[in-house]
Amino acid sequence: MTILELQHINKYYGNNHVVKDLSLQVEKGKFITVLGPSGCGKTTTLRMIAGFEIPNSGTIQLSGKDITNLPPYNRNVNTVFQNYALFPNMTVEENVAFGLQQKKLSKDSIKQKTSEMLEMVRMGSFAKRKPQELSGGQQQRVAIARAVANDPDILLLDEPLGALDLKLRKQMQFELKQLQQQLNKTFIYVTHDQEEALTMSDEIAVMNGGVIEQLSNANELYYHPETKFVADFIGEINVLPCTVNGKVSVNVLAKNIPVQTNGLSIGKNAGVYLRPESIRFTADTNAFKGTVVQILFVGMFRKYKVDLGNNIFVTIAETTANASPHNPGDEVYITWNSEQASVFE
Amino acid sequence: MVQKLKNIFTFSSAWAVMLFLYLPLFIIILYSFNNESVNAFPIRSYSLKWYQALFKDDELIGAVFNSLKIAFASTFIALCIGMPAAYAINKYSFWGKKSLERIILMPITLPGIVTGVAMLSFFPFYGINISLTAVLIGHITFLCAVVITQLLVRFKQMDPFLEQAAYDLGAKPLSAFFKVILPNMRTAIIGTVLLCLVLSMDEIPVTFFLIGGTNTLPIEIYGMMRRGITPEVNAISTFIFIFSAIAIIISTRTNKKNKSAA
Numbered sequence: 297m298t299i300l301e302l303q304h305i306n307k308y309y310g311n312n313h314v315v316k317d318l319s320l321q322v323e324k325g326k327f328i329t330v331l332g333p334s335g336c337g338k339t340t341t342l343r344m345i346a347g348f349e350i351p352n353s354g355t356i357q358l359s360g361k362d363i364t365n366l367p368p369y370n371r372n373v374n375t376v377f378q379n380y381a382l383f384p385n386m387t388v389e390e391n392v393a394f395g396l397q398q399k400k401l402s403k404d405s406i407k408q409k410t411s412e413m414l415e416m417v418r419m420g421s422f423a424k425r426k427p428q429e430l431s432g433g434q435q436q437r438v439a440i441a442r443a444v445a446n447d448p449d450i451l452l453l454d455e456p457l458g459a460l461d462l463k464l465r466k467q468m469q470f471e472l473k474q475l476q477q478q479l480n481k482t483f484i485y486v487t488h489d490q491e492e493a494l495t496m497s498d499e500i501a502v503m504n505g506g507v508i509e510q511l512s513n514a515n516e517l518y519y520h521p522e523t524k525f526v527a528d529f530i531g532e533i534n535v536l537p538c539t540v541n542g543k544v545s546v547n548v549l550a551k552n553i554p555v556q557t558n559g560l561s562i563g564k565n566a567g568v569y570l571r572p573e574s575i576r577f578t579a580d581t582n583a584f585k586g587t588v589v590q591i592l593f594v595g596m597f598r599k600y601k602v603d604l605g606n607n608i609f610v611t612i613a614e615t616t617a618n619a620s621p622h623n624p625g626d627e628v629y630i631t632w633n634s635e636q637a638s639v640f641e
Numbered sequence: 506m507v508q509k510l511k512n513i514f515t516f517s518s519a520w521a522v523m524l525f526l527y528l529p530l531f532i533i534i535l536y537s538f539n540n541e542s543v544n545a546f547p548i549r550s551y552s553l554k555w556y557q558a559l560f561k562d563d564e565l566i567g568a569v570f571n572s573l574k575i576a577f578a579s580t581f582i583a584l585c586i587g588m589p590a591a592y593a594i595n596k597y598s599f600w601g602k603k604s605l606e607r608i609i610l611m612p613i614t615l616p617g618i619v620t621g622v623a624m625l626s627f628f629p630f631y632g633i634n635i636s637l638t639a640v641l642i643g644h645i646t647f648l649c650a651v652v653i654t655q656l657l658v659r660f661k662q663m664d665p666f667l668e669q670a671a672y673d674l675g676a677k678p679l680s681a682f683f684k685v686i687l688p689n690m691r692t693a694i695i696g697t698v699l700l701c702l703v704l705s706m707d708e709i710p711v712t713f714f715l716i717g718g719t720n721t722l723p724i725e726i727y728g729m730m731r732r733g734i735t736p737e738v739n740a741i742s743t744f745i746f747i748f749s750a751i752a753i754i755i756s757t758r759t760n761k762k763n764k765s766a767a
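Respectively, the protein sequence lines represent chains S and Y. Those letters in the first sequence? Residues 297 to 641, per the working numbering, in order. Those letters in the second sequence? Residues 506 to 767, per the working numbering, in order.
Simulated from the structure, these hints should not be mistaken for lab results. Predicted model, so just to flag it, every value in this text is computed and none were measured. The C-beta atom is built at its ideal place from N, Cα and C for all residues, glycine as well. A hint or two may mislead.
Stated by the list, open to error - No more than 35 Å apart at the CA atoms, straight line, and that leaves these computed lysine-lysine pairs for DSBU-like:
| no. | chain 1 | residue 1 | chain 2 | residue 2 |
| --- | --- | --- | --- | --- |
| 1 | S | Lys409 | Y | Lys677 |
| 2 | S | Lys324 | S | Lys399 |
| 3 | S | Lys473 | Y | Lys684 |
| 4 | Y | Lys677 | S | Lys399 |
| 5 | S | Lys326 | Y | Lys677 |
As the list claims (entries may be wrong) - If you want a taste of the chain S side facing chain Y, the calculated C-beta under 10 Å gives, among others:
| no. | residue |
| --- | --- |
| 6 | Asn370 |
| 7 | Arg371 |
| 8 | Val373 |
| 9 | Gln397 |
The shape of chain S in the complex, shown without the other chains (with noise of 0.2 Å):
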């Protein structure tokens, strides 16, 4: 079922262009996540979600009901700010009812309501204290449960892991996905850390100068990139240079290798996109030939850098778990999944 659509959205600032015919359906229920670099223009998205900005042009509707024009609080969404925009005044209790206290919800449930937001981001203990008085990771919590006790139809979270520790921010990221799976909520989330975006995300959104790029899971847009700029920004990626033969038929290196062309013109120079893990050493001496010129030990993975001849250097990543086969210098032979390798101008 379809909780959240965006049509044709458009967004000016001035004479700046940032948000460019936008549409995205959100399923209800789904963890999705908008990835993008800073400028792409995906927190605008958001906060015209939110009811903070109003689009130039386009609709946006929850539930079946067209909201675009609607303030803030007249929508049923909640927003958990970058900052986490706790209110100093407040006790994190006062914090947590202040949106039932809007809905004029009655003492006594308010009171539960409240105590039950707590307990399920772990914080009941600290009901009492002022927001200034806890650690960034706690404030963040506190902000998880206000927004949440609200019960919206999606919950916006707006970079919300960006002011924490690396691993502060690696427990919260599992936290937030059980929360969302425990909840049953949709989440959108707006991050430009795509390893955030991998890990959590039922669905990535990857977005650059104001266009969804591709909306796909993530090993969807990890192995099968859509575009040139999906398959530089996330990750890893080798390029080989190419020249296409035909609809499903590259040359690279003197070698014609069978692989999806998108529709490149015949005879243009492209490149073929490999993630590190795609690429194997083969016994096979008919596939491509390099020296191994570099081995770096990256913890989970092995990275060796071969050099095919001509200046053409690829990088590949296996598993630690066994000895390397090979030493610099030695003669290898490569080749790759040609499912998992793209090709792009």
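With chain S held as given, fit chain Y onto it using these hints.
Below, chain Y without anything else, positioned relative to chain S:
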């Protein structure tokens, strides 16, 4: 050794400044208890007779009440006008905002005499004669400038996401203002109110031009001076000093509380 000398130097210079500022005030307080009508040392005997005289002086008491009325009313009205103005200047961008921010200080930077004369010639157009009402309007004018500049600084420091968070949680603008913005402005408002009260209480130039038969306290004291300083003036000064001191203590206390919470 050098460090010790340095310490002695800073210590003594700090106290010298304190002495320079407060010694005259303490001498006035001392004089207010002097039995004689001449301000001179040594004081031969002490009494409360100037305080008794003060409370019997209807004109002086009247002047005190006039001053208090003007001070509280003008501060309150200036706050009602200045706070929304500061809020709007901070939040919205509109044509001429930058110049407005600059000229808003004019009523304070201009010499009081200029403002006074200007108002004296301007008010009759609107049928406002020289009176306490004219004085009230005069005070509101320059206090507005004070309120706007003081509160604008705090509005600018405040996290704009607080207001958005309030809207986000379902608070309508008025509710967000009173429940989130105003409480977070509390110390700034208290400080501004105290400053306005003090400024209005001892304002002479503007008041001088606009006041008719009735007097405010500074004008009354000014008048008494012409007849020579009587120890009554010392007594009233002592009162003013005590009230000001209390006001300052309150304002620093609230500030401290706020800081320790932050």
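How the hints compare with the structure:
{"no.": "1", "hint": "S:Lys409 - Y:Lys677", "in the structure": "holds, 22 Å"}
{"no.": "2", "hint": "S:Lys324 - S:Lys399", "in the structure": "holds, 24 Å"}
{"no.": "3", "hint": "S:Lys473 - Y:Lys684", "in the structure": "holds, 32 Å"}
{"no.": "4", "hint": "Y:Lys677 - S:Lys399", "in the structure": "holds, 11 Å"}
{"no.": "5", "hint": "S:Lys326 - Y:Lys677", "in the structure": "holds, 29 Å"}
{"no.": "6", "hint": "Asn370", "in the structure": "holds, 8 Å"}
{"no.": "7", "hint": "Arg371", "in the structure": "holds, 9 Å"}
{"no.": "8", "hint": "Val373", "in the structure": "holds, 8 Å"}
{"no.": "9", "hint": "Gln397", "in the structure": "holds, 9 Å"}
Violated hints for the displayed structure: none, as all numbered hints are satisfied.
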